[in-house]
Each structure stands twice: as C-alpha cells, then as structure tokens.
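K.L.:
Sequence:
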Amino acid sequence: MSLLGPAEVRELAHKLGIRPTKQLGQNFVHDPNTVRRIVRAAGLAPDESVLEVGPGLGSLTLALLEHVSQVHAIEIDPVLAGALGDTVARFAPEHAGRLTVIAGDALRVSLEGVAPTALVANLPYNVAVPVVLHLLDTVPSLRHGLVMVQKEVADRLTAGPGSRIYGVPSVKLAWYAESRQAGKVPPSVFWPVPNVDSGLVAFSRREEPAEDRRAVFAVVDAAFAQRRKTLRAALAGWAGGPDAAERVLRAAGVDPGARGEQLTVGDFTRIANRQRARAAGPGRVQQ
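UniProt numbering numbers the first residue of the sequence shown as 1 and each following residue consecutively.
To be clear, the hints were calculated from the coordinates, so they are not data collected in a lab. Do not rely on the hints blindly, as some may be mistaken.
[Said to hold, decoys possible] Quick list of the computed label-pair ranges, beta carbon to beta carbon:
1) LYS184 x ARG90: 29 to 37 Å
2) PRO6 x ARG214: 20 to 28 Å
3) VAL114 x GLU208: 30 to 38 Å
4) ARG214 x GLY281: 17 to 25 Å
Glycine included, C-beta positions come from ideal geometry on N, C-alpha and C.
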C-alpha cells in the first residue's frame with residue numbers, strides 16, 4: 001500500500017472539488033512520516049478496532065488500516081465521506097474490507113453496534129474537546145487513544161492542578177482518563193498550513209468513579225466560570241449563596257478561599273457529594 005503525499009492530497013482535493021474550510025476545521029495532513037508517527041504513538045494492537053473522527057482525504061486512515069483489524073471513520077463532509085472508500089480501494093486495496101465509513105457529525109451520529117477500542121484522530125481544532133469528552137462518555141468500549149489537536153488545546157487537556165491553564169477540559173478529561181502529551185506537530189505537514197502548532201495527546205481510560213458525573217461536572221463548570229474568584233464566591237450561585245457554598249466546601253475538606261485551578265477531580269467529586277448530602281437532608285444516609 002502507499003500513503004498520501006502532497007501531490008496525492010492536492011490531486012484528490014482537486015478531483016473532489018474540495019476547498020478546505022475553517023468552518024469544518026479542515027487541515028489535511030500530507031506527510032506520510034507524520035501519520036506513521038501517530039500510529040506508532042497510539043500503541044495499537046493488530047486486533048484493535050479504531051474510531052477515527054474527521055478522516056478528511058484519508059491520510060491517517062490509510063496508515064491505520066495497515067496496522068489494525070477495523071477502522072470506523074466518522075466524516076461530517078458528505079463529499080469526503082463518499083470518496084473515502086474509493087481512496088482506500090485505490091491506495092490500499094488489500095485493506096479495503098477493514099474500513100467502515102460513517103457519514104455524520106461525531107457529536108450526534110449513532111454508534112450503536114460499533115465497539116471501537118481506540119480513538120485515533122486528527123481532530124478539527126474547533127470541536128476537539130467536545131468530541132473527545134462526548135466519545136468517552138458515550139462509547140464505553142474505548143480504552144485508549146491518541147488525538148492530534150491544536151497545541152494550546154493539548155496543553156489545556158493535559159494540565160494539572162495549580163497550572164494557570166488548568167481548567168474545565170483538564171478536569172473533565174481526568175474524570176475519564178489519564179492523559180499525557182505525546183509530541184508536537186509542525187504546521188508544515190498540513191494543507192492548508194495552519195498558523196499554529198499541533199500537539200498529540202495520548203490517554204488511557206481509568207475506571208470511572210461511582211458518583212454522578214453530571215453533578216460533578218456542574219461543580220467544575222461553576223468553579224471555572226469565574227476562575228479569578230474564590231470557590232466561596234464562584235460556587236455561590238450553584239450552592240444557593242456564598243455562606244452555603246462555604247459550608248459545603250468546609251464539609252468536603254476544601255478551603256473556601258481556594259480557586260478552582262487548585263483542585264483535583266477528586267476534590268470536585270467530594271464537593272458534589274457534600275452538596276448532595278446537604279440537599280437530601282439530615283435524615284438520609286449518603287453513600
């Protein structure tokens with residue numbers, strides 16, 4: 001099989017009448033070494049089923065098909081979705097049977113009957129965080145993954161407590177998985193060339209806590225909505241006033257004068273649990 005280089009990417013785009021749009025976050029990888037590097041960094045086993053979001057012209061898809069048993073590619077652009085099978089048949093006919101194309105929006109498309117074990121994707125910059133969190137929430141078979149995102153987003157996703165860029169994406173990804181940065185990707189490997197670097201984020205799913213995810217995420221959202229404020233002030237609306245927020249925080253063992261960027265996902269979970277206990281009343285036993 002052969003991978004797509006700059007000439008093949010331009011040829012396919014011209015043939016399909018594709019003009020990359022910022023609206024869909026389309027930046028196509030045209031460097032074979034980059035897609036090989038992504039596949040290596042993903043640590044994929046030969047029997048794995050991979051979910052790819054935004055395959056575009058098929059650069060990464062071709063590299064994945066060589067190494068795994070199945071690739072489920074979700075593509076929102078109907079022209080690209082319709083052409084991907086033909087591209088694979090042309091450049092990797094021996095692996096064409098391993099590809100399933102799913103036309104639609106990754107945030108809305110049904111994946112019923114699909115049980116991928118890994119997410120590997122060059123994600124559109126404008127929807128990268130929602131897509132990763134949505135798929136971890138709705139596709140329980142996903143055990144690990146590697147995504148290419150804007151470098152700034154990679155930094156935020158993998159930031160730890162105490163960092164100035166630690167925020168909602170960092171905490172919510174930590175709820176589902178352990179994550180780390182797996183390298184930087186220069187703009188020159190894309191067409192059109194973006195004006196920012198990209199970064200690789202690797203993650204491995206952890207066992208999810210038994211607590212109510214929505215309740216915990218509500219605390220996280222409230223804490224970072226006004227991140228310069230103390231938790232006592234930032235959580236006032238969520239808890240029913242600053243005094244109520246302080247009581248909940250102290251019961252959870254969290255300093256009311258702290259800020260959201262100092263808390264771990266475990267801290268946020270304890271806060272949510274104490275608020276639930278408070279709302280249930282003194283006569284109820286909480287787990």
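K.L.:
Is the hinted range of 29 to 37 Å satisfied by the C-beta distance from LYS184 to ARG90?
P.N.:
Holds, since LYS184 and ARG90 (Cβ atoms, about 31 Å apart) stay within the stated range.
K.L.:
Please test the hint of 17 to 25 Å on the beta carbon pair from ARG214 and GLY281.
P.N.:
holds, 21 Å
K.L.:
Holds or violated: 30 to 38 Å for the Cβ distance of VAL114 and GLU208?
P.N.:
violated, 20 Å
K.L.:
Starting from the range 20 to 28 Å, see whether the pair PRO6 and ARG214 falls in it by beta-carbon distance.
P.N.:
Between PRO6 and ARG214, where Cβ atoms are some 46 Å apart, the hint is violated.
Violated hints, listed in ascending order, are 2 and 3; each of the other numbered hints is respected by the structure.
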